[in-house]
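Sequence lines, in order, name chains X and Y.
Residue numbering for the first sequence follows the numbering used here, beginning at 1 and increasing consecutively.
Residue numbering for the second sequence follows the numbering used here, beginning at 128 and increasing consecutively.
Hints were generated in silico from the structure; no laboratory data involved.
Any given hint could be a false lead.
[What the hints assert, rightly or not] From the structure, some residues in chain X lie toward chain Y, with a derived Cβ separation under 8 angstroms: (1) Phe14; (2) Val63; (3) Ile64; (4) Pro67; (5) Cys79; (6) Val81; (7) Arg89; (8) Ile90; (9) Leu93; (10) Leu95; (11) Asp100; (12) Gly106.
Quick reminder that beta carbons are idealized off the backbone N, C-alpha and C, glycines included.
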Amino acid sequence: MSESEFTVEAFRDFLVEGRIMGSRCKGCGAISLPPRPICTQCGGQDLEWVELEGKGTVRAYTVIHVPLTRMRDRCPYACGVVEFDEGPRISGLILGVSEDEEMAVGSRVEVEFVKEGERTALYFRLV
Amino acid sequence: MRLSRGVAVVGAGMTRFHHKLHAGKTSRELFVEAAREAAGSVDSGCELGDVEALFVGNFSSDAFEHQAHTAPLMADWLGLCPRAATRVEDACASSGVAVNMGALAIASGAYDVVLVGGVEKMRNLTTEGVTDTLAMAADDIYEVSAGFTFPGLYASLATAHFARYGSSWEQLAAIAIKNHHNGALNPKAHFQSEIMETARRRGERRGMVFSDEMEFLRSSLNPVIAYPLRLFDCCPVSDGAAVVILSAAEVSKRFTDTPVYISGLGQASDAMSLHDRADLTTLRATRVAAEQAYGMAGVSADDIDVADVHDCFTIAEVMATEDLGFFPRGEGGRAAVEGRTALDGDRPVNPDGGLKAKGHPVGATGAAMTYEMFLQLRGEAGRHQVEGAEVGLTHNVGASGGTVAVQVYGR
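With the rest of the complex left out, here is chain X:
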């Protein structure tokens, strides 16, 4: 699918193209997201790129009321751990949530790519 190394930069470059790319171990089949050079399940180092569809389920979340400095203007905002339907999980900001009980563990979300300067951020939105 691609010859690039499994780096942070490669992951970010794919996001700019609107793609969520992880690494899949050719040995045990485990998917790492974000991509990694070594499979944490079996230690395998023979990996390939795999694209995820972008739909998932919230496994844990919070609504932040005391923010990081750079997030001051967004507050309150929700973020959480999302499990993609293909299995792997990632942390993400969940857009459009400002009430504490507007969502729950188990809520369905899908990816939303948001352009921020040179970069594209990977966010989620409740569906």
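Could you slot chain Y onto chain X? The hints should help.
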């Protein structure tokens, strides 16, 4: 695993942990104060010069005070150069890991007497500055970028725990009430008042009256920091230092007739990011480190008379008491509500007030836990003494569980 040589705690000291008291001081003065108290606590006398090496836990004097290379600085200000001085940084577990490093250095035969301490001077920064700095202990690229703060990470663990076990915020509140009660009995604690006392004082200023703790904790005076965690679910931001003096067991009688032995120790790591962990209702590193420490000491969870666990947030105490094997999974919160972890309960946890009330100058916390066990196992903890404590445990977590250090103590 067994240590090839026994290790004892022969002295311990700490500053009071506080947000204002140390305003005019820097890390070096706090560390010197704790070290002098530790040396002074040694029954048969100990000169700082008896120390052969230092291990200093410190999370981020770099960001808090624009000062790196903390360990030789402390050796210098204690007049201990040219002795080896090593900084240990494992986020909030820095000095819990330093205690292990000091014990292993003695067990190796390299040294007979080692000084282990921790220090953090956090209050130079604003709340937002502290929030930004603490977040550096999470995965900056893949976790902090999603907007997570430290309270936010533990809040997420709480939502996962609530969803799995039906545990609740009301159970977390019981832990806050218990730890503030214990803190009120501890002269070194950051907060030395019952929550009801705080409710009365803060209520008066705003013309509000609360009939009990829960009414106050549900009110606007206890704002949400990161849902479902409120202000009183979070430890305060404190300045402070703690120091313990370790010696080889075979020379400990030179210092005291009543040393406290480190009978077991353990340490483990886990994925930095919550999203890379299979189970978000437990800290795997706690379970692994505890298993090592119990095995080395030849004890089980049921043998622990008193424990200091890492309650940076109330949910962390719930998870710790489950992961350490004190209660079944999902039962930690209920056990707190039932009073089982109170000073007079059957499983006393955080008799010193825990991080919640004693305070949490990040790098000092692990050493301060060892300080507490030194008092508890010698029957010297005063009003927060657990009667007849003979076997103790300390549990120090780095960040959201990427590092955990555990020690078991005996007399």
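Cross-check of the supplied hints:
For Phe14 (chain X), the suggested interface contact is broken, since its CB lies about 14 angstroms from the closest CB of chain Y, more than 8 angstroms. Against a cut-off of 8 angstroms between C-beta atoms, the interface hint on Val63 (chain X) holds, since the closest Cβ of chain Y lies about 4 angstroms away. Of the supplied interface hints, the one on Ile64 (chain X) holds, with its beta-carbon coming within about 5 angstroms of a beta-carbon of chain Y, less than 8 angstroms. Interface hint at Pro67 (chain X): satisfied, since its Cβ lies 7 angstroms from the closest Cβ of chain Y, which is below the 8 angstroms cut-off.
Of the supplied interface hints, the one on Cys79 (chain X) holds, with its beta-carbon coming within about 4 angstroms of a beta-carbon of chain Y, less than 8 angstroms. The closest approach between the C-beta of Val81 (chain X) and any C-beta of chain Y is roughly 5 angstroms, which is under the 8 angstroms cut-off, so the hint is satisfied. A least Cβ separation of about 4 angstroms between Arg89 (chain X) and chain Y falls short of the 8 angstroms threshold, and the interface hint therefore holds. Proximity of Ile90 (chain X) to chain Y holds as hinted, the smallest CB-CB distance being about 5 angstroms (cut-off 8 angstroms).
For Leu93 (chain X), the suggested interface contact is upheld, since its CB lies about 5 angstroms from the closest CB of chain Y, less than 8 angstroms. Contact between Leu95 (chain X) and chain Y, as hinted, is not supported at the beta carbon level, the nearest pair being about 11 angstroms apart and thus beyond 8 angstroms. Taking 8 angstroms as the C-beta cut-off, the interface hint given for Asp100 (chain X) holds, the closest approach to chain Y being about 4 angstroms. Hint status for Gly106 (chain X) relative to chain Y: holds, with the closest Cβ pair at about 7 angstroms, below 8 angstroms.
Hints 1 and 10 from the earlier list are contradicted by this structure; the remaining hints agree with it.
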